[in-house]
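**Student:** Each chain is listed here by its residues.
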Amino acid sequence: MTETTVRLPDTSKLVVSSSPHFHDGSSVRKIMLLVIVALMPACLAGVLTFGPRALWVMLVCVVACMLVEAICTKLQGRTCTLGDGSAALTGLLLGMNLPVTTPAWMCVVGAIIAIGIGKMIYGGLGYNPFNPALVGRVALLMAFPTAMTTWVAPRSASSPLWAGVDSVTRATPLGTPWTGEQLFSTWELFIGRTGGSLGETCVPALVLGGLLLIALKIIRWQVPVCFIGTVAVITGIAHLAAPEQVAPPLLHIMSGGLMLGAFFMATDMVTTPLGRTGAVIFGVGCGVITAVIRLWGSYPEGVSFAILIMNAFTPLIDRYTAGKPFGVISHPGREVKL
Amino acid sequence: MTAVFILTLIGLLLGLAIALTVHYFGVPTDPLAEQVAELIPGVNCGACGFAGCNDYVEALVAGKAKPGHCPSQSADALQKMCELLGVASEPHSEKVAVVCCSGTDQYAIRRAFYNGVNDCHSAMQVAGGAKGCVYGCLGLGSCSRVCPFGAIEMRADHIAVVHPELCVGCGKCVTACPRRIIKLVPKSAPIHVFCISPERGAVKRKVCNAACIGCRKCVKAAGEKQMFINGFLASVNYENPPDVNVVTVCPTQVLRTEAQPAAVAAAEASASPAAAATKTAS
Amino acid sequence: MTKKHLRFYGGVQPQESKIASGVAIVSAPLLATYVVPLQQHIGVPAKPVVAKGDKVLRGQLIGEAGGFISAAVHAPTSGIVKEIGSCLGPVGNQLPALILESDGEDQAAEPMSALDWPNASPDELRKRVAEAGIVGMGGAAFPSAVKLSPPQNKTIDTLILNGVECEPCLTADHRLMLERPEQVIIGARITARILGAKQVIIAIEANKPDAVALLQEKAAGTGVEVRSLQVRYPQGAEKQLIYSLTGRKVPSGGLPMDVGCVVQNVGTGAAICEAVCDGKPLYERVTTVTGTPLVAPGNWRFRVGTPYLEAIKLAGGVKTDPVKIISGGPMMGMAVYSLDIPILKNCSGILLLAADELRQYESTPCIRCGRCNDTCPMAMMPGILSVQIEKERFELAEQWHVLDCIECGCCAYGCPAGRPLVQLMGRAKAAVQAARKSRTAKKA
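One line per chain: the protein sequences are Y, U and G, in this order. Under this note's numbering, residues 1 to 338 are what the first sequence spells out, in order. Under this note's numbering, residues 1 to 282 are what the second sequence spells out, in order. Under this note's numbering, residues 1 to 444 are what the third sequence spells out, in order.
Worth double-checking, as some hints may not be accurate.
The calculated PhoX-like cross-link candidates involving lysine-lysine, where the alpha carbons are at most 25 Å apart (straight line), are [said to hold, decoys possible]: (1) Y:K324 <-> G:K429; (2) G:K82 <-> G:K55; (3) G:K429 <-> U:K172.
To be clear about the criterion: a stretch of chain U counts as covered by chain Y if any three or more of its residues have a C-beta under 8 Å from a C-beta of chain Y, and this derived list gives those stretches [as the list claims (entries may be wrong)]: (4) 112-118; (5) 123-132.
Here are some chain Y residues pointing at chain G (derived, C-beta under 10 Å) [to be verified]: (6) P20; (7) R53; (8) I121; (9) G124; (10) A322.
Honestly, the hints are just simulated from the structure, not real lab data. For glycine and all other residues, C-beta sits at the position ideal for the given N, C-alpha and C.
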């Protein structure tokens, strides 16, 4: 081997950085895109159930959220963060949480509240204490209670897809007082042929997406299991105690925003606890609050409120569930303020 | 009607409770201390040598310290403080911080691209900072972030520059710099040596074109009493600073009045310090 | 060996990329110049005992230990001491160094007398380890003689020889175990004799079945146990290794000797064997030179003081220009910017990364995904800590046991936000240690 044949490295363009020098290739954008992919079955179900206007509502929300984020980053003088996909995801979730009849301007208002007030004023992704999509939805629910609780009946299965929905309002399973008789058949509830927000009704589609996220380790299984389980247990006990006043637990877990909330909103990374124990506490807490609001509150549905309330407890849960490091005897979380 | 009555009652009771608490548990404050405290900026920079502005004020009022330790106080305020306290101020020389490095991207060699935390201490842990000169300014702004007066500007070409008109000489940046290249010098001194590397001239020239090469020209021009050579590095004798005109003899422009070599300063003249300062903060 | 092993918390499974594992160790040819740093270990630099212009022989002592925590340095070949100056070290600092011009004869100095180790006293053996300048060759470079002198009140019952080599890409220990199994085993037995340890375990990750089988065969009847461990980074980290093998947890802030264990690299074991049985001081070591940009990655026995550039020349040069040159492995190694840096006693590998393998840190905000919590083998919360460290709240980091961080890199390896977590932890560790030092100084 002679000197001339050996090519020596050019050291003028080297990069130095801290270890580790390998990375598993994960990124925020990939995570957000996978969540969006996991939401696709439910979106499709929403469109099939409520007609093409569902697509329009979701589209308006997504575009509005992305626009608001772009404008906010511009105003704050930061680099544009649209690329991480979180604004699109928030928009999609917001859209899925609205009735199909929501006017476009209301979607835009929701998007402004969700991204602007729910996320960007705190400093953007990673700093928001509350789930932005839920902040938007709850704000709309408070501001426009009529529009936000006017549910139309699903498209009849025989009419063509483009026909849209009849403007017949229809009650939701939770919105109607329980009289001891089911308004919808269990099958209708299961596949989502009931009144409700456009993305929350189809149970199998939501579960499919949720399972995908659990399999990819993007969300912790503890959250949906504990959330849904707690709601089932509490409503079950209440139903046994007063079958005339309280709907059976199966109706409770299959209606309203529980499935969507448990799999996609209560598992939002930024606003929920970090650890496994924290996830269990968070899920149970959400379940208890949801059940309490549904059974005794004046609102028929309480998933959004439950998740938002538990979001506020996240730092506290994190502090008290902090595991002790390897080889440490005392517990750090108890000694220190985070 | 009942509601109004109850609310009024509660209000009155709470008001009474506050009044009583203040009366019985209030911490007495010295009106003189309050007046004195108004005469210093209250940024807790620590330059006076006390634990904070409050501590200094307490010492002043108690007569344990004399006015004149606060570097950021104006002459007017100092005068007022002396009148208030009825004592003469202690003589003190105004100090200013100087970043002893001229190694901008244009002059200093960068051995590699640094990728990591935007902080000088952290950069030191990665291959000791990627700058060719192991003594020079890393340009990541640790000093600028600790400055309570916003007096340190981070230039786009990776060097920290102190604005003497804003600097009060508190010395926070001196300890914040991991390379210890910031010095506190008398504000009156007109020129400084903007290099700190103790290496031989030839070694320095390999990594930086704006280094003190120890040529002794300035010492010859100004005289041994005003400039001296320490190893291979020229230094200004701040007890007896030389005349401004000495800068003309320096071949590498490290001995000069302002922080940037003339060529760079001219190019950057358009960027005002205020605009640059906001850029750093963001 | 069907003994069940415990599984340490967390960990990751990076791609192994051990492309040089099949390449036998080759002794590197003699060079014209060696740059021998006098500080190749943690602690005080060695004091030079030769002067400029002196003629030295291979294996001759050129630097004696400069303090209690220090190690001797020996000449890698015969030649003339050209200069006593300094050189750039892998961490980017200047190291005091001796520049040795080879005379090409490679004349050996009178070796130290071989010791009859089964009958020699532990003190005699320990003295030899110190004389031979042996340091921990796995990376930390802690002087072995100090490690092998536990205080009187600590009894060591278990010696673990670390042949795990959990770092991706590196294959030096693997090749050493395959090619010199006897040395590793005898080194282990000598060390056990020095410490009085009853149990001697050689730990190897299950991805090296050939080394496990060979060492088991050679170790039969010697009382040395060879165990195969789950492939999971950082299996070879001291505390995790002890836990996997014995179930003992090294207390926070403690040392392995607090739980009666000493962990030593297999390379160190082999070096101890050479020092005791052949009287040969430590002046060469096996180093992996690897990476996709290289023409012929492999394992070489380099003399200490060989510049990286020479090592890369031996590996056939490069096909493409690397964007990163790393001293050590990809998970814990240090990126360097110069090829003049010499190979030290603790340099287990030189790794070159091509542009497509590079992932830049971005420092986007933590999205609280919790992955670092799950993968941190010390069960810390790197994500939350990093946010506090960015705000320079070091006293808080200290209370959260930042000093326990082993800087294994699991957290940053899987961080979707691309945060330089290890660097932040390192920063906090340095700040906390400095604060502690000033606190004790104030008290005194």
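**Student:** Against the structure, test the hints numbered earlier, and report the numbers of the ones violated in rising order.
**Tutor:** Structure breaks hints 7 and 8.
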